Amino acid sequence: MSEHPSTPPLELPPSAVAPDVAEAEERRWTPGKIVLWAAISLLGAVAWSVLAISRGETINAIWFVFAAVCTYLVFYRFYAKYIERKIARPDDSRATPAEYNSNGRDFMPTDRRVLFGHHFAAIAGAGPLVGPVLAAQMGYLPGTIWIIVGVVFAGAVQDYLVLFFSMRRGGRSLGQMAREELGLIGGTAALIATLAIMIIIVAILALVVVNALGESAWGVYSVALTIPIALFMGCYLRFIRPGKVLEISIIGFILLMFAIISGRWVAESDLGSALFHLDRPVIAWSIIVYGFIAAILPVWLLLAPRDYLSTFMKIGVIGLLAVAIIIVRPTISVPAFSEYAGRADGPVVAGSLFPFLFVTIACGALSGFHALIASGTTPKMVEKEKQTRFLGYGGMLMESFVAIMALVAAISIDRGVYFAMNSSAASTGGTVESAVAFVNSLGLTGVHLTPNMLTDLAANVGEESIVSRTGGAPTLAVGIAHIMHQWFGGTAMMGFWYHFAIMFEALFILTAVDAGTRVARFMLQDTIGNFIPKFKDTSWRPGAWLCTAIMVAGWGYILILGVTDPLGGINTFFPLFGIANQLLAAIALAVVLAIVAKRGNFRYLWIVAVPLAFTAVITIWASWEKIFSPVAKVGYWAQHNSFKEALDQGKESFGTAKNVEAMEAVVRNTGVQGTLSIVFVVLSIIVIVTAIMATIRAYRAPGTATDTEDPRVESRIYAPSGIITSPAEKELEARWKDVPADQLPTTGIGH
Amino acid sequence: MASALFPAVHRSLGKVRWYLEGMMGADAYRRYVDHHAATHPGCAPMSERQFWRDKYDWEERNPQGRCC
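If you read the sequences in order, they're chains B and S. For what it's worth, my numbering labels the leading residue of the first sequence as 2, then goes sequentially. For what it's worth, my numbering labels the leading residue of the second sequence as -17, then goes sequentially.
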């Protein structure tokens, strides 16, 4: 431990701008600043008014962008700053774990802009792309309001505070923090809930991929080709040119483009379509087998290279889509509130706006899963405490913007086409004629679907049919193709853009499936290890394989149920995904609540308590409806009992189930769904109650709570605290630049 | 020489490269070497090939979640 010489040979500049100087700088309002923020606020207000009041025929998509970005900027500047001052209270003269634990590996002070990209790539996946598409059945306004308002008051607050408090605890995980703050019962419930929630989330994501690839030779071929491409990249990095990550990612990206382009030729050839035209159950089984093998293969061979590809695609596609929306500015003819905003029988996802909008759109507004990332890799890399506002709050705003773009893409396509694609085959009958009849019978204003609209679009995107392509991904891909082809390539390129979008969603999801299985496997091994110590040894092959198999069986079972569900699959399973994710958010916020209370900060506790109360109420309410609603379309048990009754009466078919076997499948599926709903909600209530008890204890006996933060270490490095450097920071930066390189302090510990 | 003619272009391409490498973790070896030189002066760091093997082995034991 030779890293902290007791007498530095040279007086180093301070490690942070003096707090009073920084404060004065923030509070000084120059005319330029006032004009800028007034203009941003005004533009945001105008955009919101257009979205809320406009009842014309169409509305331009650019208003969504303005409303979102202006709101983000205002809340980032003012509300996140308020949270920083009142709750987090960061101190930049205090060393972060990246500094005092620096080990050249996971603990490394990382440039804030680089870390922002890193963090964003870890939190953003298919979730914010799928939820908004499904919620578009209620019209554009409910989803838009929830995505934007939800993120600034709940989602970004959760990400920011979990990141900050984890950083203050040396980068501890959410599970460890729950155990410390809530005690054994709350901590154990949080752990089991996290594990169960991971399984359901992986299963539903896999279901989205299966639905996107089912009966699509082009899609199956190009996504399957990503596996050999990733293997090649892995071997290249291992044996040929180690460490040349950017180089091989560019090569991989070019190969990926070839996989998409050549997909058309394969799908159009007889042999190709015979080989790759697969039924959904076959694809589901392939993903299960793939998931197991991928999770036990060495990281360098498949996971790491595919993660490079996925990151590369993520940044590229999201950037491309943002530019395309701004350039193309699609017009939108979807109403602000559709017929289904006030009803519970929507064909895409069942349930009324309250509470089901708030669980259909999870990621993008509030995502509990982020708490696992914000308490994992990122807090170990933060350079300065104040940067957590930019990383945590700002990173989540970025994901919210992705969700807004997904919503815009989904509502830019014809509404009739939207419902034909997103209603389950049980409703549409699966053929063009029956789908047209079904959609036109819904009685939606302005919807006149013709068979040509469906067949032309299917031909343009290079698919056999687009009827009942549920799961959100195909709709988003059509939306992206619809926007992109107007900017680049025309109709001839629509097939390419469609499969480009499918490919990048599949890449995210397969990475999430693989990584999720691995993380869950470790959690399971750790848990079993408490009883059978041998399991704690994660390099013990039989234990690792067994636990991987258990996890894959868990999500694989739900995936198969979803694929073969006579009621349609995604529309009955998706609410479970949203509920699970939001309950995890409630758990994360509950842990944050207990921490803030233990700091004795009751005056500003509402900043955490309000979003916690909201998400707890909305998800417990949604769970309640799923468990107790007497409406068969909404309640799992109501559906379960009505099918059971029909079976008991000896009926041969019931509702959309055409035979006894299908009826039995419905009884089984709704039983599994209903049981999972009960398990999730009970575990979450336990966590929330233990958090409230911890909060009350802290209130009754202030100052007695044990401090779980790591001890303060004086920082000896300097970095700016936000994305833009202030004049005082620039001045300090210049002083640090003058320090000779050999006099700079070294961070971290020796071995 | 495009880079000589357009130093600004060259500089911004360099920045893009720096950013992408940082975000994807491609700069891990360079950072490790810097860290090693600072904390273990006089002791040779791992070779690049060895470092990446070691890094992936470590990731094998410490899996990181990817979000939905």
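Watch out, some of these pointers could steer you wrong.
Listed next, the in silico BS3-like pairs over lysine-lysine satisfying Cα-Cα at most 30 Å (straight line) [unchecked claim]:
id, chain 1, residue 1, chain 2, residue 2
1, B, Lys659, B, Lys634
2, B, Lys645, B, Lys34
3, B, Lys82, B, Lys245
4, B, Lys87, B, Lys34
5, B, Lys634, B, Lys645
6, B, Lys634, B, Lys34
7, B, Lys537, S, Lys(-3)
8, S, Lys(-3), B, Lys659
9, S, Lys(-3), B, Lys652
10, B, Lys245, B, Lys315
11, S, Lys(-3), B, Lys731
12, B, Lys87, B, Lys634
13, S, Lys(-3), B, Lys245
Source of the hints: derived by calculation from the structure; they are not laboratory data. Note that the coordinates shown come from a computational prediction; the quantities given were computed from them, not determined experimentally.
Original post:
Honestly, which of those hints from before does the structure not fit?
Top reply: 2, 3, 6, 7, 8, 9 and 12
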